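*Asks:* In case you want the letters, here they are:
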Amino acid sequence: MTTGILHPRLQEIADDFVAIPDADRLQLLLEFAQDLPPLPAQYADHRDLLEPVPECQTPLFLAVDVDEDGRVHLFFDAPQESPTTRGFAGILHAGLDGLDAAEVLDTPGEFSSQLGLQDLVSPLRLRGMAAMLARIKRQVLDKAA
Amino acid sequence: MALPYDSAAKFQDYARPEMLVTTDWLAEHRHDDKLVVAESDEDVLLYETGHIPGAVKLDWHTELNDPVTRDYVDGAGFARLMSDKGISRDTTLVLYGDRNNWWAAYALWVCTLFGHPDLRLLDGGRAKWIAEGRELTTDVAKREPTDYPVIPRDDSTVRAFRDQVEAHLGQPLIDVRSPGEYTGELLHMPDYPQEGALRGGHVPGAKSVPWSRAAAEDATFRTRAELEAIYGGEAGLRPEDDVVVYCRIGERSSHTWFVLHHLLGYPHVRNYDGSWTEWGNSVRVPIRRGENP
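One line per chain: the protein sequences are A and B, in this order. Counting from 410, one number per residue, gives the positions in the first sequence under my numbering. Counting from 191, one number per residue, gives the positions in the second sequence under my numbering.
Keep in mind that the hints are not guaranteed to be accurate.
Unchecked claim - Cβ-Cβ distance ranges computed for the label pairs, FRET-style: (1) K552(A) <-> V340(B): 35 to 43 Å; (2) P417(A) <-> G240(B): 30 to 38 Å; (3) A453(A) <-> P483(B): 38 to 46 Å; (4) D551(A) <-> R279(B): 23 to 31 Å; (5) D509(A) <-> R260(B): 39 to 47 Å; (6) E421(A) <-> A198(B): 25 to 33 Å; (7) G240(B) <-> K552(A): 32 to 40 Å; (8) R260(B) <-> R480(A): 42 to 50 Å; (9) P476(B) <-> P446(A): 45 to 53 Å; (10) E421(A) <-> G455(B): 34 to 42 Å; (11) P446(A) <-> L326(B): 20 to 28 Å; (12) P449(A) <-> H221(B): 43 to 51 Å; (13) P307(B) <-> P446(A): 26 to 34 Å.
Stated by the list, open to error - On the chain A side, residues computed to face chain B include the following (Cβ under 10 Å): (14) I429; (15) D486; (16) Q489; (17) P492; (18) T493; (19) Q523; (20) G525; (21) D528; (22) V530; (23) P532.
Keep in mind the hints are simulated off the structure, nothing from the lab. Bear in mind the structure is a predicted one, so any value in this text is a computation, not a measurement. Every residue, glycine too, gets a C-beta built ideally from N, C-alpha and C.
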């Protein structure tokens with residue numbers, strides 16, 4: 410699933426990243442890490458409902474809900490001492506949470522390569538973000554069906 | 191004039207006590223202009239969340255590795271990197287980082303390939319500094335560029351390549367990965383990325399001594415006596431042995447390399463940085479599965 414168009418919300422995030430100098434991009438990623446909402450009680454008390462994303466450099470867990478209106482809600486859990494992984498999750502949360510299932514499924518799989526982070530973060534680390542997106546899309550497919 | 195060594199009692203038992211500093215020593219000496227502190231972490235953003243004041247960041251992915259070839263930077267690249275960080279050839283370079291200093295030990299090992307004269311590791315790393323409630327800052331340290339000389343990389347002393355490991359079969363090898371990776375049950379570290387090994391198991395003859403055996407609860411190194419009991423006693427290594435250590439990509443084995451070479455003083459210890467992500471993908475190299483070496 411690498412086709413599709415970037416939703417304007419994700420496009421705006423990507424534009425923000427590439428518009429600023431290299432040195433500021435890591436700061437922006439850190440802001441997304443800091444803005445990642447905490448896990449709500451329904452998941453914090455039931456971590457078995459979370460799906461692990463072992464492709465991330467440090468463990469990350471996520472959950473996906475699709476509500477009655479077909480809107481997608483994302484939940485992430487990653488330790489504070491893993492800001493890069495939290496930053497990736499924060500970007501996906503800011504860009505995708507609340508969108509329609511179809512809009513989430515349309516997100517290009519290679520979105521993570523459009524943030525200008527390859528040289529700053531490394532392609533290997535960015536793979537974690539692509540893996541999160543792939544797992545989110547698979548859960549959306551399962552739950553929207 | 192190099193900075194004085196840390197005279198902490200625990201270090202004096204190690205073969206090379208000068209390779210370690212305590213958090214106390216660093217707090218006392220960190221303003222010295224002959225010293226540079228460098229943080230090297232698994233997570234590339236951790237430095238930005240707060241680091242030891244004055245410390246520069248040294249990233250293994252984006253700075254120590256060549257961006258194209260699977261190799262480290264060359265002499266010119268290393269000189270450029272050190273110059274950019276404000277490190278001179280006569281600088282006392284103190285490294286520390288997250289995850290029990292894996293990446294700090296790895297960075298120290300890479301700096302060893304270029305023979306940087308005065309390298310030291312902060313015992314206990316980032317975790318201990320923070321646990322003691324010591325000062326952190328988010329201010330990025332900016333140091334004046336230096337004129338670091340171009341030193342050719344020496345791959346012959348502390349680094350092992352695959353063909354050398356093949357020729358080394360039958361001699362002492364230490365696999366420092368988790369037990370599941372060693373037996374072949376897992377292809378990667380628990381909870382870690384699948385970094386693409388097609389086969390699981392270990393190099394025949396390699397003994398399993400997970401890296402974490404060398405670390406105490408507070409991320410400091412175990413005492414010399416404890417380390418002797420593990421590596422000399424249980425694993426049966428002798429100081430005169432020619433030893434090759436490996437893990438998945440060479441980071442955890444840098445930690446064990448540091449222990450064997452600097453803390454126990456074994457003269458012939460090499461780190462096989464290709465490690466399992468090379469061996470487990472190579473055609474027709476021998477592999478053993480299960481718990482036995």
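*Asks:* None of the hints should be skipped; say for each whether it holds.
*Replies:* Hint-by-hint comparison with the structure:
1. K552(A) <-> V340(B): 35 to 43 Å: Distance hint for K552(A), V340(B) is violated at roughly 57 Å.
2. P417(A) <-> G240(B): 30 to 38 Å: holds (34 Å)
3. A453(A) <-> P483(B): 38 to 46 Å: Check passed, 44 Å falls within 38 to 46 Å.
4. D551(A) <-> R279(B): 23 to 31 Å: Since D551(A) and R279(B) have Cβ atoms about 58 Å apart, the given range 23 to 31 Å is violated.
5. D509(A) <-> R260(B): 39 to 47 Å: Roughly 42 Å apart at Cβ, these two residues keep to the hinted range, so it holds.
6. E421(A) <-> A198(B): 25 to 33 Å: violated (53 Å)
7. G240(B) <-> K552(A): 32 to 40 Å: Holds, at about 38 Å.
8. R260(B) <-> R480(A): 42 to 50 Å: holds (44 Å)
9. P476(B) <-> P446(A): 45 to 53 Å: Since P476(B) and P446(A) have Cβ atoms about 50 Å apart, the given range 45 to 53 Å holds.
10. E421(A) <-> G455(B): 34 to 42 Å: violated (57 Å)
11. P446(A) <-> L326(B): 20 to 28 Å: holds (25 Å)
12. P449(A) <-> H221(B): 43 to 51 Å: holds (46 Å)
13. P307(B) <-> P446(A): 26 to 34 Å: violated (49 Å)
14. I429: With a minimum Cβ separation of about 15 Å from chain B (threshold 10 Å), the hint on I429(A) is violated.
15. D486: Violated, because the Cβ-Cβ distance from D486(A) to chain B comes to roughly 13 Å (cut-off 10 Å).
16. Q489: The hint holds - Q489(A) has a Cβ within 10 Å of chain B, the shortest such distance being about 8 Å.
17. P492: Constraint on P492(A) satisfied, holds at 4 Å.
18. T493: Because about 5 Å separates T493(A) from the closest Cβ in chain B, which is inside the 10 Å limit, the hint holds.
19. Q523: The hint is violated - Q523(A) has no Cβ within 10 Å of chain B, the shortest such distance being about 18 Å.
20. G525: Hint violated; G525(A) Cβ to chain B Cβ min 13 Å, cut 10 Å.
21. D528: Holds: closest Cβ of chain B sits about 6 Å from D528(A), inside 10 Å.
22. V530: holds (6 Å)
23. P532: Since the shortest Cβ distance to chain B is 9 Å, the answer is holds.
Violated hints, in rising order: 1, 4, 6, 10, 13, 14, 15, 19, 20; the structure is consistent with all others.
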